[in-house]
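J.: Listed below are the residues making up each chain.
Protein chains: 2
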Amino acid sequence: MARPMADKDQRPGERQLPFDPGSRIQAGVTFIGHLATPWRKGDCPKNLTEARNRGGLFQAVVAPDYRAGLEGLVAGDGIILLYWMAGARRDLIVQAPAHRPAPRGVFGLRSPARPNPVALACVRLLEIDHAAGILTVDALDAFDGTPLIDIKPWLPGVDNLTR
Amino acid sequence: MARPMADKDQRPGERQLPFDPGSRIQAGVTFIGHLATPWRKGDCPKNLTEARNRGGLFQAVVAPDYRAGLEGLVAGDGIILLYWMAGARRDLIVQAPAHRPAPRGVFGLRSPARPNPVALACVRLLEIDHAAGILTVDALDAFDGTPLIDIKPWLPGVDNLTR
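Chains as they are written, first to last, in numbering that gives the first Met the number 0: chain A, 0 to 162; chain B, 0 to 162.
It should be emphasised that the hints constitute simulated quantities derived from the structure, not laboratory data. Values in this document were obtained by computation on a predicted structure and should not be read as measured data. Positions of the beta carbon are idealized from the N, C-alpha and C atoms, including for glycine. Any given hint could turn out to be false.
Just a sample of chain A residues kept apart from chain B, beta carbon distances all over 12 Å, derived [claimed, not checked]: (1) P11; (2) G41; (3) R66; (4) A97; (5) R123; (6) E126; (7) T135; (8) D143.
Just the calculated beta-carbon pair ranges, DEER-fashion [unchecked claim]: (9) A:V73 <-> B:N46: 17 to 23 Å; (10) B:L125 <-> A:H98: 24 to 30 Å; (11) B:A85 <-> A:L154: 20 to 26 Å; (12) A:P11 <-> B:G144: 37 to 43 Å; (13) A:N52 <-> B:E49: 34 to 40 Å; (14) B:G144 <-> A:P37: 25 to 31 Å; (15) B:N46 <-> A:E126: 27 to 33 Å; (16) A:G12 <-> B:R99: 25 to 31 Å.
Going by beta-carbon spacing under 8 Å, a handful of chain A positions derived as facing chain B [as the list claims (entries may be wrong)]: (17) A67; (18) P114; (19) W153.
Bound-form chain A, shown alone:
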């Protein structure tokens, strides 16, 4: 049975699960590094477009153990970063973002609050320092220090649905 709608952290029309998905763990992730961004709580862009417009230094920092995994990546590549939105709640199954006319299911939103708080950003690699494990990219909309869990090449043949 769901908790009542009057929850102080909930907007009208939002619905929460009767359990915390974070208490039903079936597999585990490890952090391979972190994101370095200008953003702190209360000052974070709402999305990647806003982050790109505001500008700044945006980097993914890969921990020493995992740096060999960067071999072959070069400046100019399109990449997909997956990162872990550690502070986000996981039980808001229907959400009412301020920019939307009506509430919407979490799977139709890019909200950080989701059953598995994995976020993704498709970005352009501007510069790569293989020895230091530093990837400078064109934009990031997450807090400074956000844990990184994966990097993948962005492939136009499969990742571009407008083709």
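Once you've looked at the hints, dock chain B against the given chain A.
T.: For chain B alone, coordinates are given in the frame of chain A:
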């Protein structure tokens, strides 16, 4: 210290980590459903393009607890599915896929074997049955039964790097 290169599950030029990332877990995922595909071990397409060409019935099945999260999604939408490659090894940091001329770091490959075995597919939603939690999509290249961990809308303004 890395184990020797002669590992029987390793190709020439491949390198493995001296530890299993799966033994250094820092956060947990829960399964929100599974993928239903025609593919079994030994008969799985190498990528989404091959899966699309071979054809078949491709579905993401969302568990009852999470179906409210689908509200607002409609046939025709582009979506991103994130799923968990449960059987893949996590320690191959440099890999030598048969289709590549030289070994390459795992973060430059879409291989299922990676420190965090989260795979993603950008696909077209052909049909959605909200009550049954079934999303029929245009292609999937994962084994039948692969655990699903997230669904996100694909957004042309941020997810298309050819723009």
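J.: Each hint needs a verdict: does it hold in this structure or not?
T.: Here is what the structure says about each hint:
no.	hint	in the structure
1	P11	holds (15 Å)
2	G41	holds (22 Å)
3	R66	violated (9 Å)
4	A97	holds (16 Å)
5	R123	violated (6 Å)
6	E126	holds (15 Å)
7	T135	holds (15 Å)
8	D143	holds (18 Å)
9	A:V73 <-> B:N46: 17 to 23 Å	holds (21 Å)
10	B:L125 <-> A:H98: 24 to 30 Å	holds (28 Å)
11	B:A85 <-> A:L154: 20 to 26 Å	holds (23 Å)
12	A:P11 <-> B:G144: 37 to 43 Å	holds (39 Å)
13	A:N52 <-> B:E49: 34 to 40 Å	holds (38 Å)
14	B:G144 <-> A:P37: 25 to 31 Å	violated (43 Å)
15	B:N46 <-> A:E126: 27 to 33 Å	holds (29 Å)
16	A:G12 <-> B:R99: 25 to 31 Å	violated (49 Å)
17	A67	holds (5 Å)
18	P114	holds (5 Å)
19	W153	holds (5 Å)
Consistency with the previously given hints fails for numbers 3, 5, 14, 16, ordered from lowest to highest.
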